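> Model the placement of chain F on the given structure of chain V, informed by the hints.
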Amino acid sequence: MKGWHRYAITLVGGLAVGLGAAWAITGGGLSGGAIVNGPWTTSLGFGTKATDPVTRAAVARAGLLALPAKETVYWSAKTDAAGGPLDGNCRYSLSGTPLDARWWSVTIYDEAGYLVANPANSWSVNGANVALDAKGEWRVTIAPTRPAEGAWLPGTKGQPFHLTLRMYNPGKAFRANPAKAVLPQIVKEGC
Amino acid sequence: MRNWLGPLAFGLIVAAATAYAAIWSIPYGLMNVAIERLGQGGVNTMSYGNLATPERQPVVRPSPDLAYSSCPYDLSDGPIAIDVSPVPGRYSSLSVFDAATDVIFVRNDVEAGGKPFRIIVARAGQAVPKGTEVVRTNHDHGIALIRLLLKEPAEIGGLDAIRRQSSCGTVTKLK
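Those sequence lines, one after another, are chains V and F.
Using the numbering used here, you'd call the opening residue of the first sequence number 1 and step up by one each time.
Using the numbering used here, you'd call the opening residue of the second sequence number 1 and step up by one each time.
For reference, chain V alone in the conformation it holds in the complex (with noise of 0.2 Å):
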């Protein structure tokens, strides 16, 4: 083998290792983040100058378009309280009380950050459409069919899912200390 050879073969095999390695660092999407809230992950860097290059690509590919965090805060998770991935087979009761925030909603998405065709045409639940109990809270059923009753968002059977939880102009003592605050909960009920 002639020594050029040797070059090409390894020019060849660095481009490939240099691309998937891009790919790779900046696709731990919004989870990628510094803040840590049992399931939920978020960074306040998004849609700033400020960010690093890895975080403008990541973010650019898992939010595009995004906002930042004093406008909104966009939190993800993946799993449930207890750690498990979220299944769009099971069951999971997803409740909390009214955040701090003028605004706020939960999305389901596909892995992928898209949303799925679903019988209701329902994919998020938001702080004007959701009802308090008498304790104050709000509860959603997220599970592949209707629940007796209740409130229920869709999920797919077969798929995994995301959530997406966005607070527009949050609160000054969430800001204070995001990782402290009070999100819902997401607990498994069954598959």
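FYI, nobody ran anything at the bench for these hints, they're computed from the structure.
Hints should not be assumed to be uniformly reliable.
Straight-line alpha carbon distances no greater than 27 Å define the calculated BS3-like cross-link-like pairs of lysine-lysine that follow [stated by the list, open to error]:
#1 V:135 <-> V:172
#2 F:130 <-> F:115
#3 F:151 <-> V:78
#4 V:180 <-> V:70
#5 F:151 <-> V:172
#6 V:78 <-> V:157
#7 V:157 <-> V:188
#8 V:135 <-> V:188
#9 V:78 <-> V:188
#10 F:130 <-> V:172
#11 F:115 <-> F:151
#12 V:135 <-> F:151
#13 V:70 <-> F:115
#14 V:135 <-> F:130
Derived DEER-like restraints, expressed as beta-carbon distance ranges [said to hold, decoys possible]:
#15 F:37 <-> V:36: 31 to 39 Å
#16 V:110 <-> F:40: 22 to 30 Å
#17 V:179 <-> F:158: 35 to 43 Å
#18 F:57 <-> V:5: 41 to 49 Å
With the Cβ distance kept under 7 Å, some of the chain V side facing chain F (calculated, not the full set) [stated by the list, open to error]:
#19 6
#20 11
#21 18
#22 19
#23 26
#24 57
#25 64
#26 71
#27 120
#28 124
#29 132
#30 168
Nothing here was measured: the structure is a model prediction, and the numbers come from that model.
Beta carbons: idealized from backbone N, C-alpha and C, even for Gly.
Structure of chain F alone, referenced to chain V:
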């Protein structure tokens, strides 16, 4: 095996340089795709998008609670003006993103005092009309996005007329 030391070192350098270049260019590439997808209604004009559904998802993680209006812009022929009319009593915001996906301007309805406002987006050095707020950028291309929150998707019927009062266009008069 010794014959491979030089080529392997070379390959590592190529890999590192490729990774760096790719990471740096990913935002620009994705922004181009977004401009293309959102620019079906034309560049330097406001498109009042339908609500996100599984069939219509021009960008990743669209919120089904938001009515998005978008203006993909090109400043190569001059600055653009964006006029925003907030809907009383509910969250809306204008955000302007440059070609690198960085946010260069954000204002919500509360910050705007609930009143309509106008901004000019211009490259450094471009002449702009006096008396209007100017946002300067180092890139020709980008997207201006207006988000309007809906309590229910059905609300869009009643709010569409107000959101269509927001607009975007090339600045023609400099006075």
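> Decide, hint by hint, whether the structure agrees.
Do the hints match the structure? See the list:
1. V:135 <-> V:172: holds, 24 Å
2. F:130 <-> F:115: Satisfied, since the Cα-Cα distance of roughly 20 Å is no more than 27 Å.
3. F:151 <-> V:78: Distance ~26 Å between residue 151 (chain F) and residue 78 (chain V) Cα, so the pair holds.
4. V:180 <-> V:70: Holds. Residue 180 (chain V) to residue 70 (chain V) sits at ~17 Å (cutoff 27 Å).
5. F:151 <-> V:172: Satisfied, since the Cα-Cα distance of roughly 24 Å is no more than 27 Å.
6. V:78 <-> V:157: holds, 16 Å
7. V:157 <-> V:188: holds, 15 Å
8. V:135 <-> V:188: holds, 21 Å
9. V:78 <-> V:188: holds, 13 Å
10. F:130 <-> V:172: Between residue 130 (chain F) and residue 172 (chain V) the Cα gap is close to 37 Å, so the pair fails against 27 Å, i.e. violated.
11. F:115 <-> F:151: holds, 21 Å
12. V:135 <-> F:151: Holds, because 23 Å separates the two Cα atoms, which is no more than 27 Å.
13. V:70 <-> F:115: OK: residue 70 (chain V) and residue 115 (chain F) at ~20 Å, within 27 Å.
14. V:135 <-> F:130: Violated, because 56 Å separates the two Cα atoms, which is more than 27 Å.
15. F:37 <-> V:36: 31 to 39 Å: holds, 33 Å
16. V:110 <-> F:40: 22 to 30 Å: holds, 24 Å
17. V:179 <-> F:158: 35 to 43 Å: With a Cβ separation near 39 Å, residue 179 (chain V) and residue 158 (chain F) satisfy 35 to 43 Å, so the hint holds.
18. F:57 <-> V:5: 41 to 49 Å: holds, 46 Å
19. 6: With a minimum Cβ separation of about 4 Å from chain F (threshold 7 Å), the hint on residue 6 (chain V) holds.
20. 11: holds, 6 Å
21. 18: holds, 3 Å
22. 19: holds, 6 Å
23. 26: For residue 26 (chain V), the interface hint holds, since the closest Cβ of chain F sits about 6 Å away, which is under 7 Å.
24. 57: holds, 4 Å
25. 64: The hint holds - residue 64 (chain V) has a Cβ within 7 Å of chain F, the shortest such distance being about 5 Å.
26. 71: Constraint on residue 71 (chain V) satisfied, holds at 5 Å.
27. 120: With a minimum Cβ separation of about 12 Å from chain F (threshold 7 Å), the hint on residue 120 (chain V) is violated.
28. 124: With Cβ-Cβ at 5 Å, under 7 Å, it holds.
29. 132: Violated. Min distance 15 Å.
30. 168: For residue 168 (chain V), the interface hint holds, since the closest Cβ of chain F sits about 5 Å away, which is under 7 Å.
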